[in-house]
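**Student:** Got chain A sorted already, so can you dock chain B onto it with the hints?
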Amino acid sequence: MAKIVASVNVSHVPAIGAAWDLKKTQEPYWKPVFEGFDFSKKWIADLKPDVIILVYNDHASAFDATIIPTFALGCAAEFPPADEGWGPRPVPTVIGHPVMASHIAQSLILDEFDMTIINKMDVDHGLTVPLTLMFGQPQAWPCKIIPLPVNVVQFPPPTGNRCFNLGKALKRAVESYPEDLRVVIFGTGGMSHQLQGKRAGLINKEWDKRFLDSLASDGEVARKIPFIEYVREAGSEGIEMVMWLISRGALNARVKEIYRFYHVPASNTALGHLILENA
Amino acid sequence: MTASAEDVRKEPMEGFDDIPGTTLFDAQRARQGYHVNQFCMSLMKAENRAEFKADEGQYLGKWPLTDAQREAILKRDWGRMIELGGNIYYLSKLFSTDGKSFQFVAATMTGLTQEQYAQMMLNGGRPVAGNRSKSEWK
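If you read the protein sequences in the order shown, they are chains A and B.
Adding 11 to a residue's 1-based position in the first sequence gives its number in our numbering.
Adding 14 to a residue's 1-based position in the second sequence gives its number in our numbering.
Since the hints were made in silico from the structure, they are not lab data.
Here the structure is a predicted model, which means the values were calculated and not measured.
Beta carbons are placed, not taken as given, at the ideal position from N, Cα and C, and that holds for glycine.
Check each hint, because a few of them may be wrong.
Claimed, not checked - Label-pair ranges, simulated between beta-carbon atoms:
#, chain 1, residue 1, chain 2, residue 2, range
1, B, K76, A, W97, 36 to 46 Å
2, A, F50, B, D81, 51 to 61 Å
3, B, D81, A, V110, 51 to 61 Å
Stated by the list, open to error - Derived coverage of chain B by chain A (criterion: at least 3 residues anywhere in the stretch with Cβ under 8 Å from a Cβ of chain A; other residues may be distant):
#, stretch
4, 31-37
5, 44-51
6, 55-69
7, 75-84
8, 100-110
Excised from the complex, chain A in its bound form (with noise of 0.2 Å):
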């Protein structure tokens, strides 16, 4: 059977994508937080999975303000990176896992998560960027990739504990797939931040520090968290955090804390870094 064995979280701050492709990772600035990834690209070369799903939001560049999905699943064979108004960034196609992705959906669904499915659709920075950090520029992703765009930018997001359950959810689908895989999961957004209003520019690094204590314990305190606690502590964008608890409730109630990163700024932005694998 298919396993989810270790989780990956990561911020996905477009600067990153940006320094990145315009070969700024050496300047003083991005050197910090690109070296920051050094282990993660080893571990992830060694553990070297099948499949990623990786849950992201997408920031108006597949989905505009005429259809909301909550949660989605991508179906397709393939997922070119959007334009998001400079141009593609230039980096592979992600290549899906269709039969993998509907078997998913398909279970989610019987599990009472409506899903949306989508056969069609560009992936932006909030799936690109993770990729970037964990992989470098390789010619092809290593792997395949199911996509989970989650909506966190117009309120109300899922809640929190409703993220957790879909991550149980997800394992159980993944847990009834036939083949024998290996899948990493990845959450991804946050950490703390906030893009508009005179707030502006907030960072919480002692909030940001107990969500990700948590996360690496059990993940019962995250999962509690009530929206109001995220947007006064975390920042209104601190929201995107809610994915983590998906990629946490994924995995076993007891789990091993690879690796953690957190850099201030990125940007306007935290950035958090936390790896887990099933104890």
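**Tutor:** What follows is chain B alone, placed relative to chain A:
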């Protein structure tokens, strides 16, 4: 019929107005700002960007905006656009058309210069202490 504990909605949507300097992009604001945001989305196409730049007022005439929304867009009053239902990810299509960055726009909304704002971020960002409640702001 009484609702069981499981039927009670646990996630409150109240209290957000007390957070200073923050506008929650909720369902009502999204409804109010629908045409602002869809106008911004139209700027993803090069030919639309060219048409907008050639005559902003005329291009905006294609969208059923309120006078206040139209004025905020023309003045590039980003804070006002947000108050009137714009969302930052949509507005990014407009400021990208202008050749501006997220950091520039964030700085503008806080009343800092981009240099001051960038320095604040290098110093660890805006602290949460003193910024949790409107009662802490004069």
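**Student:** Decide, hint by hint, whether the structure agrees.
**Tutor:** A quick look at each hint next to the structure:
no.: 1; hint: B/K76 <-> A/W97: 36 to 46 Å; result: violated, 23 Å
no.: 2; hint: A/F50 <-> B/D81: 51 to 61 Å; result: holds, 55 Å
no.: 3; hint: B/D81 <-> A/V110: 51 to 61 Å; result: holds, 53 Å
no.: 4; hint: 31-37; result: holds (count 5)
no.: 5; hint: 44-51; result: holds (count 3)
no.: 6; hint: 55-69; result: holds (count 3)
no.: 7; hint: 75-84; result: violated (count 0)
no.: 8; hint: 100-110; result: holds (count 7)
Hints 1, 7 from the earlier list are contradicted by this structure; the remaining hints agree with it.
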